[in-house]
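Colleague: Residue numbers (this note's numbering), protein chains in the order written: chain P, 167 to 444; chain V, 66 to 325.
Worth flagging that the hints you see were computed from the coordinates, not collected in a lab.
Glycine included, every Cβ here is placed at the ideal spot set by N, Cα and C.
Some hints could be false.
In silico lysine to any residue, SDA-like type, Cα no more than 25 Å apart, as pairs [as the list claims (entries may be wrong)]: (1) P:438 / V:204; (2) V:73 / V:94; (3) P:202 / V:145; (4) V:134 / V:251; (5) P:376 / V:198; (6) V:247 / V:167; (7) P:331 / V:171.
Partial list, derived from the structure: chain V residues whose beta carbon lies under 10 Å from chain P [claimed, not checked]: (8) 79; (9) 158; (10) 165; (11) 201.
Chain residues, written in single-letter form:
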Amino acid sequence: MIDSIFRYTFMQNAILSAILASIACGIIGTIIIEKKLVMMSGGIAHTAFGGVGLGYFLHIEPILGALLFSIAASVGIVTIKRNTTTSADILIAMFWSVGMSLGIIFVALTPGYPPDMSSYLFGDILTVSQTDLIVMLFLNIVIIAAVFLCYPVLKSYLFDEEFAKISGINVRYLENLLYVLIALTIVIIIRVVGIILILALLCTPPAIAKQYTHNLTKIIFSSILLGICFCIIGLWISYSFQLASGVCIILFSVLSYIVISILKNMKMHTIKKQSIPS
Amino acid sequence: MNIIEINKLNVFYGQNCALSDIQLHIPDKDFLAIIGPNGGGKSTLLKSMLGLISPASGSIKILGTIAEKAAGNIGYVPQYSQFNRNFPANVLDVVVMGRLANNPSLLYRYQQADFEIALNCMRQLEIEHLQNQQVGNLSGGQIQRVLIARALAMQPRILLLDEPTASVDSTSKTHIYSLLEKLNQELTIVIVTHDIGAISSYVKHIACLNKTLYYHGDTELNDSLLQKVYGCPVDLIAHGVPHRILRAHPIINGQQGGQP
Chain P
167 MIDSIFRYTF MQNAILSAIL ASIACGIIGT IIIEKKLVMM SGGIAHTAFG
217 GVGLGYFLHI EPILGALLFS IAASVGIVTI KRNTTTSADI LIAMFWSVGM
267 SLGIIFVALT PGYPPDMSSY LFGDILTVSQ TDLIVMLFLN IVIIAAVFLC
317 YPVLKSYLFD EEFAKISGIN VRYLENLLYV LIALTIVIII RVVGIILILA
367 LLCTPPAIAK QYTHNLTKII FSSILLGICF CIIGLWISYS FQLASGVCII
417 LFSVLSYIVI SILKNMKMHT IKKQSIPS
Chain V
66 MNIIEINKLN VFYGQNCALS DIQLHIPDKD FLAIIGPNGG GKSTLLKSML
116 GLISPASGSI KILGTIAEKA AGNIGYVPQY SQFNRNFPAN VLDVVVMGRL
166 ANNPSLLYRY QQADFEIALN CMRQLEIEHL QNQQVGNLSG GQIQRVLIAR
216 ALAMQPRILL LDEPTASVDS TSKTHIYSLL EKLNQELTIV IVTHDIGAIS
266 SYVKHIACLN KTLYYHGDTE LNDSLLQKVY GCPVDLIAHG VPHRILRAHP
316 IINGQQGGQP
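Please work from the sequences and hints to get the whole structure.
Modeller: Written as structure tokens, this is what we have:
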């Protein structure tokens, strides 16, 4: 694989996109785990499928359609949730299904031979284009800047939203911002692991990091590193065994999580045993 | 001077009336305990004062302005169970969050002075040694002190506490109460509690709340009044006996909103 990285542009694009996706994933994944917005992110991701369909239908870059739809979904869900008594769960479910349905309809309405949607559903890191990379880079810069600038306030909001509110922080703005950032992250990851597999790549690295540190900043940075490792090793597995890249990345991440958790558990067990005098 | 003035306050949750016709004036440097049965609207009253719940009618004035604008002047110690306990933050991280109240811009970064104020508040509560501990590893009493320190770091004029002794042992309880008594020299304190017996020796005034205000005045409570508020006999002497009385009872005219 090493010499093909130097030889082929698509391999270089694949590695770069793995790094870019892991940065966004590490930051936003950590936040959505703490704020319990994992399913919300799943809903936004699946709604983005409608945007991919719209992209094909209008002959624009599908990733721009996905960007439009995921931002609309995140703003839509949060606005409706605020103004009605409908619970977020129900809204997520509806957006999720409607987005997927719209995607299918748009593709069906597109004249000519139907495009292959599976690279958006399951990801195909080897087909990441120059345009995709530019979009990913730009969105990453937005995410990093926003989270860095608002970091102390964001932390207070994640820990205790009510207290943030009584401190006079504009929690509404912050919530809107966070939802838009989730939408941007999803667009970044779609090309790497696809809509259906997004959640595992968002959650697995911080879930592992959380077992080793109680420092939010450290969790973010170690999640980024773990994400990069998972993506590149997953890519290597897929390259060696001729398997779909998204699937290999996800299976490898989750497998690592399981192995690490079991090892950690066994270690805790021995420590407990040793501390009981026999 | 009254630091909090609540007039003809009504609060509804959908169709349900949570608070009705509350008339409560709290003077500066008061130490007021609000007691009453579960579901009697104690927490709702605190949240209305904080501007977290908007009233159906009536007015709440804090320091002469409406509750929403007084944000940052009121330190709040929430019920122990209301925040994310597994959040990856240490004690100093949490206490310094109180400093955001004086600088509520989204782009604020903590200054050296903020950490000094936070450490000072921690010293007052004797939790300085816990500063690097993760919040999830603390005991109930320690968490309660962390939350009080965070509220004090706001440097507020008023301190509102929602059942600060609900999950702590009796030694910590006494410690928290005597600390509040000390803080009361600088601050107006309003505390919601079930701990009727212990609190009466520390506070200046008591208000009895069950949807409406039954009594507001000195701390000399008698059994018949408590029976009226709770709807059944209440043991005044025993400490820490939970008074879980949910039975509704008719509103008695002439007992509401008496001024001290």
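Colleague: Which numbered conditions among the earlier hints are violated in the structure presented, ordered from lowest to highest?
Modeller: none
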